[in-house]
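Model the full assembly from the supplied sequences, consistent with the hints where possible.
Residue numbers (my numbering), protein chains in the order written: chain B, 1 to 338; chain X, 1 to 292.
Watch out, some of these pointers could steer you wrong.
Calculated lysine to any residue pairs in the SDA-like style (CA-CA distance at most 20 Å, straight line) [said to hold, decoys possible]:
(1) B:K27 with X:N102
(2) X:K33 with X:G62
(3) B:K27 with X:K33
(4) B:K27 with X:G101
In short, the hints are calculated from the structure, not lab data. On a predicted model such as this, the values are computed, not experimentally measured, just so you know.
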Amino acid sequence: MKKLLHILLILLTLLPLASCHDQPEWKNDPYGNFDALWQIIDEHYCFFAYKDVDWQEVRLRYRAKVHNGITSRELFDLCSEMLKELQDGHTNLISAFDVSRYWIWEQYPVNYDERLIDEHYLHFNYRRASGIKYQVLDNNYAYMYYGDFASGIGDGNLDVIFSQLASSDGLVIDVRSNGGGYLTNVETLVGRFIDERTYAGSIQHKTGTGHNEFSNPYDYYFEPAHNRVHYNKPVVVLANRGSFSATNNFVSIMKSLPNVTIVGDVTGGGCGLPFTGELPNGWSIRFSAAPITGPDGELTEFGVEPDVKVNMTEADVAQGRDTILEKAFEILKSKRTN
Amino acid sequence: MRIIETGIRRLVTALLVMMLAVAAAKAHDAGEKPLRPVAGMFTAEVGHASVLDSYLTPIAYGGTAMRLGYEAQQATGFNPERWTRQLDLGINYNYTHNPAGNHTMHALTIDARWGMMHRWRGVLTPGLQLMAGGSTQFTGGALYNANNSNNVASARVHWSLGFMGQAVLNTRIKRLPVTIRYQATLPVAGVFFSPEYDEAYYEIYLGNHRNLVHMGWWGNRFDMENFVAADLHLGGTSLRVGYRNRIASSWVSNINCREVTHCVVIGIGGEFLSVGRKQRAESSNIISSIYQ
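Below, the structure is given as structure tokens:
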């Protein structure tokens, strides 16, 4: 008992040293908000080395433009410009009046026209389940358009879709202008095209505030969808610069499968899992925090190269033809004849 | 640092041994078996919460804290004059906002604590009792910040061992019997869950379970509860008015968590006996855990 009391006394003297840890606090003024933004990015952003960004130099350059009389919108624009130095579509500053963005696809051809597909290929006659538009086309190739990986995919829905498309000679999965969503939906969809446990890539996370403090890469695998309807015929995935984030991840994994061809433009990239922080004035800051590689071990932050690069032409569009989709038919036809 | 860790390890072992030994002990009194009523109290609490979880946001949130709880205290089966045990269960909800007022964070947790204390009656004055002993506590739940992307939630799982103590004064205000109590609970060591810095729950879902469980001690987490209450005895019913302060903080994997609540407590309860008619007739010795 005496020993116990001894230990207790020692511990009680240590009580004031207990784990309370100082948290950085910033004033809610132009300098405080700027410093908060800079520091959050400094401590959490995951691609400084990969993109060779000197964040200290960026701070000096942009902080010199802050002054106490700066308006909220001017500060927002200044911060937005600073964030563009990161060249990251996952990095957004979000205020009540605007969202800053670095959306690379805005600088490239759209390469997708939904109306054209609906009118000239689907003839406005298609089914829709789990956010997926699908139909077997006149040429007996199946077409499915998935426009948002945030749309939940139900296994039952996928069973119905792939049963419906089973009689087709090949499948086109169109994920053009799909800006991403949930990675769990990527796993659910890919599971219908694999027959064995398949390496999908690796994920890391930051373990501390330093720019190079990362965990060891964690390899992850996708399992085939057991006792579910699969599609085993040739597949072509259509992509464009608007295929971003989770869609970029989907394309990188599908590209590694033997029976799949990627057609269209380079994807929009975005392979960093985004986290969110906030500034004293209530603005939110979203940023890439955890890098994910594709099955080839490479980061796809700047996009996935298609197997066959094709842009839509104005002449084709004028004739109601989707150049990229036509290329997909060509590829499926050649695979069938081979 | 190693000395402290060794000390804590010895302390935890000693606490466990003490609690197990006491629990295993048998009453030596071969005489009349006393009745041991349960002092039960249902409580509702409301107050202020200050919450920081740097995994979710570097900004501290403030708002409303709420708790529904049930507390039961009873003299132990062995040596009931000198030992008492307490069970405390609660469900907590904190509804907080950032200072700018445009983001909301919800925290929903459950907690369960069981403690056993030695009791010294009639200390200094006849109505004053002091109690001291050990307790074990579990907390589980999650914080949710709807504003966020892949760091939208932060789980709370914590089990600990520590000390608890009470100072109880049974007195009267005019003719009304009142029990005034101060209770402190101080977890010392345990285990708790935390993701690594910027580790998404998606990565955990994928199967990376490394470094998620941490040994907790005062070097990386500090928890404490202070509770003051006055139980007003109105016949067989007791009404409680009190104040509870809770502190839960941790610093691990460069993630800073801190939660402080100050709540007003109201409650209703009383002492309950569960005995057969024969036992009641035979027994005249009733040992209250707290109210006498």
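- Item | Hints breached by this structure | The structure breaks hints 2 and 3; every other hint is satisfied.
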